[in-house]
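A.B. asks: What follows is the residue order along each chain.
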Amino acid sequence: MKGRLSLIMGMALLVISQTLTAQAPPSHGERAGGGLLRTDTIQEVVVTGTGTQRLLKNVPVQTEVISRKMLDSYGGKSIEEILSGLTASFAFAEGDMGSQMQLGGLANNYILILIDGKRIHGDVGGENDLGLIAPQNIERIEIVKGAQSALYGSDAMAGVINIITKKHTQKGIFADNSTRYGMHNDLRQHNTFAFNVGKVGSQTNFQMQRNDGWQNTAKEYAEGMVLTDSKTKTVNKFRNWQLAERLTYQPIQNLELYAEGSYYIKHICRPQNGTHPSCDVYTYDLRYNNASASVGGKYYLEDKAKGTKRNYITLDADWNKHAYYYDYTARTYENVLLKGEKYGPLDGTWFSVPMYPGQSKLQSDQQRVMAQLKGVFYLPCENTINAGMEYRYDYLNAPDRTETGTADDWTSALYVQDEFDKLSWLNVTAGIRLVENRNFGVRLTPKISAMFSAGDVRFRLGWSQGFKTPTVKELHYRYLHVMGSSTFFNIGNTKLNPQTSNYYSANAEYRGRKFTASVTGYLNKLDNMIALVNVPVGEIPAGITTAYLGDGSTNVQARMYKNMDDARTYGIDVTLSYQVIKGLTITGAYSWLDTEANLYDVSKNRMTTVVIDGTAHHKWSASAMYSHTFCPRYKLGVNLSTRGSSTRYYQNNGNGKQYQIWRINTTHDLGKTGKKLAYRLELCVDNVFNYVDRTIHPYHLGNNTSGTTVYGTFAIKFNYGKRVNQHKLSTKSNYNNEED
Amino acid sequence: MKKINSFILGVIAMCLTAPVFTSCGDDDDNVAMENIVSEYSVNDKMVAEQKAKSGKNEAVLLVAFGSTWNNAFQAFDATKKAYEAAFPNADVYVCFSSDICINRASAGENKDDEGNIVKRDYYEPRYLLHAIGAAKYGKIYVQSLQVIPGEEFAAVVASVKKFMNNGYIGQAHLDDKYLAKLEEDEAIFLGLPLLNDPDVDVPEVAKQLNMLYSSEAAQGVVAFMGHGNPDNYDTFKANVRYTQLEEELQKLNSNYFVGTVDMDGNYKEDVMDRMKDNGINNGKIYLHALMSIAGDHAHNDMAGEGSDYWDAEDETSGDNSWFEFFGHKGYTPVVPVVGNHPQGLLELEGIRNIWIQHTKNAAFLEEAYHSMYPEE
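Heads up: the sequence lines are chains A and B, in that order. Be aware that the first sequence starts at 1, since it is given in the working numbering, and climbs by one per residue. Be aware that the second sequence starts at 1, since it is given in the working numbering, and climbs by one per residue.
Next up, chain B with everything else stripped away, as it sits in the complex (with noise of 0.2 Å):
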């Protein structure tokens, strides 16, 4: 076979004068270069104005995943406030850590729980802790609005570390004597998720759930639908939070379950077969998200219904919703709204202050890398 390749192959390099191929590296690397310097300088102004207005030393960095809904920027917006009552003495900030979502809210027009229209501008945690430095606030905390500590959460920690390392380029390097002071000081603080230790937080968690929906749970079963990492992706082996929420919930009441959309074998299926272990067959089933805001899995993977929808051949398939699976397995399923969307785990002002109480309580960020990290 070598002998034909190298007759085709011969053949052809007469025929042929060497191509040239053009590429835009050098280019598209200057922009790149020049872009983020200058992003970093567009925060750093925003936070500058924001410090020399507020005159406050302290800043409160919020880090979600970000949405494009309508709904969960109100539910940021009412977390953002509630930080600012909780820490008068601190400017309060909110990223994204998804690029889509930041690009996509500030280029929309939205609409704030009055009804008036509203520009949103979210930031990119990375380039906001840079100009959070820049500005030299006295002490940061920095707050993870994940739920369970898992892959995301991972990333989060990894921008903390980078920051006070000074891994920044070029005219964008921090004040070294200032990142310093900061640890030398221990100010700045990284607050854990919302479901971080499991025998604090989750019993926490399940009580305040428990009082919101303890009335639904006398009438038929409460079911919490939660992400969770796939799992090769179980970061700090987190997907077992949602295990230990509902055997709390279930000491409560045995009427609550927690599902997720990603966790290997707890899905919706397992969560009817664990219904089905306690005798429960059929009657009320109420969905609730176990995420930070309501977006497109409580939405359509939790709430969804229309038959066109329905795969009857794969009724585990993940496009079934919940809402759909349980109402065809003999249940009655029920998506309690309010304002016409199901409510995410920040719009519930119990579950709100376990956040605002974890970022009170924030360890130093070296004592909160170790316990992440304990080899390090």
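This is chain A alone, in the form it adopts within the complex (with noise of 0.2 Å):
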């Protein structure tokens, strides 16, 4: 071990001397997929699998993307419904608490979602809150499965997801404002304000969003029987905003600095007519509120002369917060730990505080400090090297959800990657990572691509090792979560290990300039997968259990995060496209998957093998885009796309029922191209068939669409200044380095 870890630290070292690190997905947004809006996906590059440029027909690791032409004929109002409407891979069921996303099969917390490289922040159960994300402001989307890539963590056991945003980087003024309304209340407000004055740079971004919610049924299964006047909706009335600033500075040629940050907000309001104290009476309001701060810069080592392939470094440190707390409408007796003298007899006892209508309690405070140091060196013989480090502290205040109020963890990690690129029939991309976790020790794991040519046809095989510590929250967090008549209590394991996987992957694809076909089949195999385990109330910490659980007259079920034996996920992914004529594709997504999981049952001294929550089967999705430009001042845009999931599985509250949805949204753009001022005009109707799901709450729904909603988005672009080259990326030479 000791020896291996010197030739790691060896090259690790190799590369730091000459540089500095750290990953921002390289700032190409604009000038490489931005322009790109022609029909076919032969130029569309990526940058996830690998971390530098490449055609997405040459990356060796099998990368799906969703273009900004997709984006724009889809017209989707969030990440939830992009996701869903243009892959066959994510199942969602909006939440409270979240998208409670799954990736084949797997949850939230398995899936790295990044922003332009850089991993979002904050969680609440685990989910994270995809409304940090303008739709307006996504340039495109790619997404590698399973733990592929040894740039972003290995904890991405289920995948990573790139969301890469718009850049506004040329000289002169950007201004765009992008409105979008529809039924429920549903308003959807983008702005961009951008210019770039000789060596600065400024990018603002404000959005907002809101919705009214809605209810499905009024039907509610509590206190033995169905009550048919239940207030608890199916999705909640929410409304955020966000408010993000990006300062650039290019002091020298090659070198490119950045300062950024952001403020975030979110307030989720639940019914407060309900009436039964059992199900769908709530004393508190959610609001979330997010705050970052980031700076970074990246470093050229040649000049600019020397052509596409400059060997640079990039450096990032970032502060991110990701805060939650409870609102109260009503007075709330909470549980809370009484510190201090000033409370005398009381100090150290846990108390039944009450909380009054316009006050906020912190629930949690979830802080992170990361620093990134990364470079891309091209050696000789086609090799590209692409290493870095990367630190990361996390910090928790939970002052009444954690034993002793607060909790902390940091986690290194040192990545080296090499991409072989000497044979034309051949690319090899292998990479590893040396993670250190401060509790769990250190972790080697390796991942291997590699990819074969012919014409136009490619081969990929890839294996990936991953390892994911259990995260602050699974280890010390405790907590009530109130699901209408549902109560569960959540809690935290000091007594976890890590999560290991390895994952699978072989594909075939090809792709031509009308007709794309890409077959993925995958396996992945996960060691200690931690879930939410229902427990005896024997296994609870004492003191808790007069608290929360007494004697079954009210229904709190206790759940524990455990250490699962073994978990293993497969399927297989298909994807086609298909340019029927000039202005016309059709694209189709199928995704087949299985899922087991075993769990040890100690009091009965067996296994038990469980499909994992939210599996389902078959998910497809389809659409066709059509466009036309009638005039110089106009040009139509038609997409028709449908969307579907077999049954959801689950272990309690029934099964999610199958269902297929059908959308039409129509573009409209007004004026000429070239023109300083731009108009667009969105109409939409989702769920045209005006499917409706009303199975009782609180079972499961297979989807949570409230029927057939019509959205129109208005939106205008002023630009002025310098253009840039729509078409500079060429595709003649370099049928494997793509990297600017």
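Worth flagging that the hints you see were computed from the coordinates, not collected in a lab. If you're wondering where the values come from, they're calculated on a predicted model, not measured in any experiment. No residue lacks a Cβ here, since even glycine has one placed at the ideal position from N, Cα and C. It cannot be assumed that every hint is accurate.
Below, computed lysine-lysine pairings styled on BS3-like, alpha-carbon distance capped at 27 Å [said to hold, decoys possible]:
| no. | chain 1 | residue 1 | chain 2 | residue 2 |
| --- | --- | --- | --- | --- |
| 1 | A | K342 | B | K177 |
| 2 | A | K342 | B | K162 |
| 3 | B | K80 | B | K162 |
| 4 | A | K167 | A | K676 |
| 5 | A | K582 | A | K635 |
| 6 | B | K111 | A | K231 |
| 7 | A | K342 | B | K161 |
| 8 | B | K161 | A | K339 |
| 9 | A | K342 | B | K45 |
| 10 | A | K219 | B | K111 |
| 11 | B | K162 | A | K339 |
| 12 | A | K199 | A | K167 |
| 13 | B | K360 | B | K51 |
| 14 | B | K56 | B | K45 |
| 15 | A | K219 | B | K119 |
| 16 | B | K181 | B | K360 |
| 17 | B | K136 | A | K342 |
| 18 | B | K81 | B | K111 |
| 19 | B | K53 | B | K111 |
| 20 | A | K582 | A | K675 |
| 21 | B | K119 | A | K231 |
| 22 | B | K81 | B | K53 |
| 23 | A | K339 | A | K361 |
| 24 | A | K514 | A | K635 |
Here are some of the chain B residues that sit facing chain A, going by a computed Cβ distance under 7 Å [stated by the list, open to error]:
| no. | residue |
| --- | --- |
| 25 | A32 |
| 26 | I36 |
| 27 | E39 |
| 28 | T68 |
| 29 | W69 |
| 30 | D99 |
| 31 | N103 |
| 32 | G108 |
| 33 | G167 |
| 34 | P230 |
| 35 | H299 |
Bring the two chains, given one by one in their own frames, into a single complex with the hints.
C.D. replies: Shown next, in the form of structure tokens:
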């Protein structure tokens, strides 16, 4: 082990001695992907799999892309809508705690979500809040499944979603406004203001989103019967806003520096007109508050004259905060640990502290500091080395939800990846990532991908190991999770072990000018998988039983994070795209999935095998995209799409029904290209055939759509300044290397 | 390894300014303190008004875990009424030790037994005890509505001890002279749980249950489902009461059985094993809750049904109700209901009267406390 470590350290130091790191995915968005509004996908450029820019066609790590063209044509209002409508890989069930996202059968906490290469921060119940990302600000989305990328962390056992945002780097001024309004008082507002003068650039983004929520059924099973006047909503009312600023400065030709920050607030308002204490009465609303600050830079070791293969290093330092509050709407007793001499005889006791309407109480504040150092080096013999280091410090402040009030953790990593391109028919990308965690020691995780090329056909093979240490919350956090008539007390477990995975994939792909087809088979084997498991009262820490569980007259189920013995997910993904005629493209995606998780039941001395909650064996999506420029001042786009899923399986509270939903979106681009002002109108009818799942609460829904919804969007864009070459990228040379 | 670690940390230290982690601790602390004090005064005011209105100098405080179910609220209503009749000189208060139950009950609209919409405010024992002390009632009865003297009852005992020690903060401090007098007069009483005394309570409860269910026992098995404490929380070794109750009941009719949800070795499958040992392999089995009110356990764990929820792989799973389990095992389960609900013990007059007798016969706090904690 010692020898291996020295070797790795040596390699890392070799790299670092020349550099300094940090990953910010190359800020090429506007130039590379943004200008590519052509109907074929042949020029699609991706970065997530390898960390270097590559044509999608030639990326050795299988990558799925949602291009800007698809995003524009589909007109999704949220990330959830986009990922479920434009791929077949994701499943969602929107809830207050987050999006309940699944990829390949694995939940949100196995999915690494990156915005421009930086991992998003903060979760509630393991779910990320995807409302942080405004669809209007997305350039494209790249999806890499499994822990295939050495660059982004071995904890991405299900995969990586890299959301590349729009960056306005051209000289001059850019401003836009997009306002979307639809049923349920759904408002989505987004504004950008950007300018670039001399060596300085600035981009300010503002977003506001709101929706009044809806109720698919007034029936709820509670108190041993079906109540017919429940006020529990299918989706609760919410509103959020975000302000983000990014400043860039290029002091010298080879150096780009940036500083950015953001502030975000989300309110979730729960029904206040419920009458049944057993299920639809709420005494507080929820609020999330995020903030972030980053600084960093990219330094090219060679001048531009060197061409596209310029070695560079990047350094980023980030601070993120995600705080979660209760905003009380009625008097609410909270079980609080009183600490301090001022409490006299109550010091050190758990006490029922009332909170009054108008008051708020912090539930958890997750903060994170990260630093990343990365370098990309083009070595002889067509080797490209991508190496870096990463340090992450996590801090949790949860006064009433941890035993001592706070908890923390740190993880550091070193990684090296080599892309070997010497042979025209073979690309091999191999990487190792060495992870060290404060509590769980050191682990080396290798990843290797090979791609064989023959004309327009590619075969890819991949193997990667994952390593995911228990999160601070999984170790220490405990909280009451109320879902209508179901109440759970979820408890962290300090005896957890890290999770490990082995991901195997094989892919065959044809990517011609008009037709593309891709088939991928994968197997993801996880050991020590961590899941919330129902536990008998006896396993709960003392003190909690009397406060929450009582004599069973109220229905609180205790659940604890436990290592399941092992789990595996396996499936086949198929994607197709065909350009029928100029202006008309049809695409389709299908995903077959199966999952198995084994749990050793100590009390019964036997193994139980279960399907991972939320698994659907079949999911599909398809769309027909049509666009036509009728005159220089008017371009029409029509997108007809469908998505569906077979039954979703759950261990508790019933299975989710199968569904199929259709959608039509039309886009109307007004105004001549090249003018300062451009206008766009979008009209969308989602769920055309008014499918509604009216399964009674609290049982699982297959889909939480409210039925047919109609939206309209008006966008205006102002662009004053130097234009960029829309067709800068060439496919003639560099069949594999497209680094700029 | 340490070298790598130090190196990484060194680089990081250069790259980062020391993060400042904000904390809301102080603000939250102040709010907590103010709210506690404020809630004392809210409770104090409510009790003072009640005392002024009634002119009574005795208080009965009934402490239950609580519920969010309307049928349970009605059972508490009936219990309060019965206590008011039994203690005409006392103001009767009902409080819940579960915060969630208090929060949700007061925010909802509930129906009384005549179907009228009523607002229900239950109180938290520690605040309500303080208010009773602040109102200077001359005699205080604290009655546990628990079935066995287990973990929850221990929490009730602790609250009353804290009250007598004047364990309150700041301005909420009670009048020491009043508390001293209460002690001197031996005027604060602790009413013990239903099955507290194995020699007196257990046979009496068995007798009352037999009076109610002897006709069922004549037709088949009558099985009671209690809650029980897990082994590691078996405070005062109270779980044994279930076994003792079964023994007493079987003296009256061998068709009675008593099982639990949480007591090790006395789950539904253990009940079935004992039935089989007695040669009962089929026939009717009447299921009753041995809990103060019929809430989630009575409805779902005991009476729950639906083929969707039957776990065939693990028949003894907690997800399989007693109704389903005995049904699948060849018996014919029956859940007798009143108004669509199984009955809780507080709804059975004969049993409720045992609790009332416990209050009437309640020992002075210190004696009761020492009987629970002989070593102290």
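A.B. asks: With reference to the structure, classify each hint as holding or not holding.
C.D. replies: Quick rundown of the hints versus the structure:
1. For the hint linking K342/A to K177/B, the alpha-carbon distance of about 23 Å falls within 27 Å, and the restraint holds.
2. For the hint pairing K342/A with K162/B, the CA-to-CA distance comes to about 17 Å; that is within 27 Å, so the pair holds.
3. For the suggested pair K80/B and K162/B, the alpha carbons sit about 25 Å apart, so the restraint of at most 27 Å is met.
4. Simply put, K167/A and K676/A have alpha-carbon atoms about 18 Å apart, close enough for the 27 Å limit, and the pair holds.
5. Distance restraint check for K582/A and K635/A: the Cα-Cα separation of roughly 14 Å lies within the 27 Å cut-off, and the hinted pair is therefore satisfied.
6. Between K111/B and K231/A, the direct Cα distance comes to roughly 17 Å. Compliance with the 27 Å bound is thereby established for this hinted pair.
7. For the hint linking K342/A to K161/B, the alpha-carbon distance of about 21 Å falls within 27 Å, and the restraint holds.
8. Restraint check: the Cα-Cα separation between K161/B and K339/A comes to about 21 Å, which is no more than 27 Å; the hinted pair holds.
9. The suggested pairing of K342/A with K45/B holds, with an alpha-carbon distance near 24 Å, which does not exceed 27 Å.
10. In summary, the hint linking K219/A to K111/B is supported, as the alpha carbons are separated by about 18 Å, within the 27 Å threshold.
11. Only pairs whose Cα atoms come within 27 Å are accepted, and K162/B paired with K339/A is accepted, the gap being roughly 17 Å.
12. Taken as a hint, the K199/A and K167/A pair is honoured in the structure, with Cα atoms around 16 Å apart against an allowance of 27 Å.
13. With a CA separation close to 21 Å, the supplied pair K360/B and K51/B stays within the 27 Å bound.
14. Restraint check for K56/B and K45/B: the C-alpha separation of about 16 Å stays at or below 27 Å, so the hint holds.
15. Distance restraint check for K219/A and K119/B: the Cα-Cα separation of roughly 23 Å lies within the 27 Å cut-off, and the hinted pair is therefore satisfied.
16. As the CA atoms of K181/B and K360/B are separated by approximately 21 Å, the hinted pair is consistent with the 27 Å bound.
17. A distance of roughly 26 Å separates the Cα atoms of K136/B and K342/A; the hinted pair therefore holds under the 27 Å criterion.
18. Restraint check for K81/B and K111/B: satisfied, since their Cα atoms lie roughly 16 Å apart, inside the 27 Å limit.
19. With a C-alpha separation of about 25 Å, the suggested pair K53/B and K111/B falls inside the 27 Å cut-off, and the hint holds.
20. Our distance criterion of 27 Å between C-alpha atoms is met by K582/A and K675/A, whose separation comes to about 25 Å.
21. About 18 Å separates the Cα atoms of K119/B and K231/A, which keeps this hinted pair within 27 Å; it holds.
22. Only pairs whose Cα atoms come within 27 Å are accepted, and K81/B paired with K53/B is accepted, the gap being roughly 17 Å.
23. For the proposed pair K339/A and K361/A, the alpha carbon gap of about 16 Å is at most 27 Å, so the pair holds.
24. For the proposed pair K514/A and K635/A, the alpha carbon gap of about 22 Å is at most 27 Å, so the pair holds.
25. Annotation: A32/B was flagged as interfacial toward chain A, and the flag holds, the nearest CB pair being 5 Å apart, inside 7 Å.
26. Restraint check, I36/B versus chain A: the minimum CB separation of about 6 Å is within 7 Å; hint holds.
27. Proximity of E39/B to chain A holds as hinted, the smallest CB-CB distance being about 4 Å (cut-off 7 Å).
28. The criterion of a C-beta within 7 Å of any C-beta in chain A is met by T68/B, whose closest approach is roughly 4 Å, and the hint holds.
29. Below 7 Å, beta-carbon pairs count as interface contacts, and W69/B has one with chain A at about 5 Å; its hint therefore holds.
30. For D99/B, the interface hint holds, the least distance from its beta-carbon to any beta-carbon of chain A being 4 Å, beneath 7 Å.
31. Proximity of N103/B to chain A holds as hinted, the smallest CB-CB distance being about 5 Å (cut-off 7 Å).
32. A cut of 7 Å between beta carbons decides the hint on G108/B: the least distance to chain A is about 4 Å, and the hint holds.
33. Because the closest C-beta pair between G167/B and chain A is about 4 Å apart, less than 7 Å, the hint holds.
34. Proximity of P230/B to chain A holds as hinted, the smallest CB-CB distance being about 3 Å (cut-off 7 Å).
35. Here the hint on H299/B is kept, as its CB sits about 3 Å from the closest CB of chain A, short of 7 Å.
Violation of the numbered hints given earlier is absent; every hint is satisfied by the structure.
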